[in-house]
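Sequence order for the protein chains is A and B. If you want this note's numbering, it's the position in the first sequence, counting the first as 1, plus 42. Note that this note's numbering numbers the second sequence so that position 55 is 35, with each residue one more than the last.
Watch out, some of these pointers could steer you wrong.
Restricting the straight-line Cα-Cα distance to at most 30 Å, the calculated cross-link-like pairs of lysine-lysine (DSSO-like) are [what the hints assert, rightly or not]:
no.: 1; chain 1: A; residue 1: 44; chain 2: A; residue 2: 84
no.: 2; chain 1: A; residue 1: 121; chain 2: B; residue 2: 24
no.: 3; chain 1: A; residue 1: 139; chain 2: A; residue 2: 44
no.: 4; chain 1: B; residue 1: 51; chain 2: A; residue 2: 44
no.: 5; chain 1: A; residue 1: 87; chain 2: A; residue 2: 139
no.: 6; chain 1: B; residue 1: 7; chain 2: A; residue 2: 87
no.: 7; chain 1: A; residue 1: 139; chain 2: B; residue 2: 42
no.: 8; chain 1: B; residue 1: 24; chain 2: A; residue 2: 87
no.: 9; chain 1: A; residue 1: 121; chain 2: A; residue 2: 84
no.: 10; chain 1: B; residue 1: 7; chain 2: A; residue 2: 84
no.: 11; chain 1: A; residue 1: 151; chain 2: A; residue 2: 84
no.: 12; chain 1: A; residue 1: 139; chain 2: B; residue 2: 24
no.: 13; chain 1: B; residue 1: 42; chain 2: B; residue 2: 24
no.: 14; chain 1: A; residue 1: 139; chain 2: B; residue 2: 7
no.: 15; chain 1: B; residue 1: 51; chain 2: A; residue 2: 139
no.: 16; chain 1: A; residue 1: 121; chain 2: A; residue 2: 87
no.: 17; chain 1: B; residue 1: 24; chain 2: A; residue 2: 44
no.: 18; chain 1: B; residue 1: 51; chain 2: B; residue 2: 7
no.: 19; chain 1: B; residue 1: 31; chain 2: A; residue 2: 139
no.: 20; chain 1: B; residue 1: 51; chain 2: B; residue 2: 31
no.: 21; chain 1: B; residue 1: 31; chain 2: A; residue 2: 84
no.: 22; chain 1: A; residue 1: 151; chain 2: A; residue 2: 87
no.: 23; chain 1: A; residue 1: 84; chain 2: B; residue 2: 51
no.: 24; chain 1: B; residue 1: 7; chain 2: B; residue 2: 31
The hints are simulated quantities; they were obtained by calculation from the structure and are not laboratory data.
So the chains spell out like this:
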Amino acid sequence: RKEVEQDPGPFNVPEGATVAFNCTYSNSASQSFFWYRQDCRKEPKLLMSVYSSGNEDGRFTAQLNRASQYISLLIRDSKLSDSATYLCVFYNTNAGKSTFGDGTTLTVKP
Amino acid sequence: NAGVMQNPRHLVRRRGQEARLRCSPMKGHSHVYWYRQLPEEGLKFMVYLQKENIIDESGMPKERFSAEFPKEGPSILRIQQVVRGDSAAYFCASSPSAVGDNSPLHFGNGTRLTVT
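Required output: the full structure, derived from the provided sequences and hints.
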């Protein structure tokens, strides 16, 4: 079983739609969680950290469910500029490294 | 503040040659990570280094690949006797401390290696 499982998509949604991605992890030692965004295979950029209590940044909401070992990202009122690949990232303190999911591709259409 | 600097941006090598990829972390960052992204695939961890120490190289191929982060100068990822399967984007990332402090990774622009 892969350490990180992420639905590759693609997700094709119209502008204004709400879309959600999940990402599951198998290593319970994972301690820090992030969502990154990658455009056209350029360098990944941090979108947001994920906190146990859940957190929101504008149209983006991230949540963590430790019991079920997954994190989620919700995007409301999708914009064309949201089209990208979204990567979930888990940091394992014991191993000292971050593990990336393979990414979920989102395309927002007019 | 300069971000993570990688060079070259693009590198073309013939089979059997050596490739040297450089990464200068952000100022104040002492933790460096190398990732590889093969065509149509996700980011794969290769190696995690601190100054003069390799902390975790579990993602590095056993042969031909090596990495260093000397006391002075950039981190270097070295690939000897390159083969076509080494063609990929190589990303370097840095953080000011262990990522467990909720310090996210900051990525460089990457080096696109093409082996002909």
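Q | Hints the structure fails to honour | A | The structure conflicts with hint 4 only, although it agrees with all the remaining ones.
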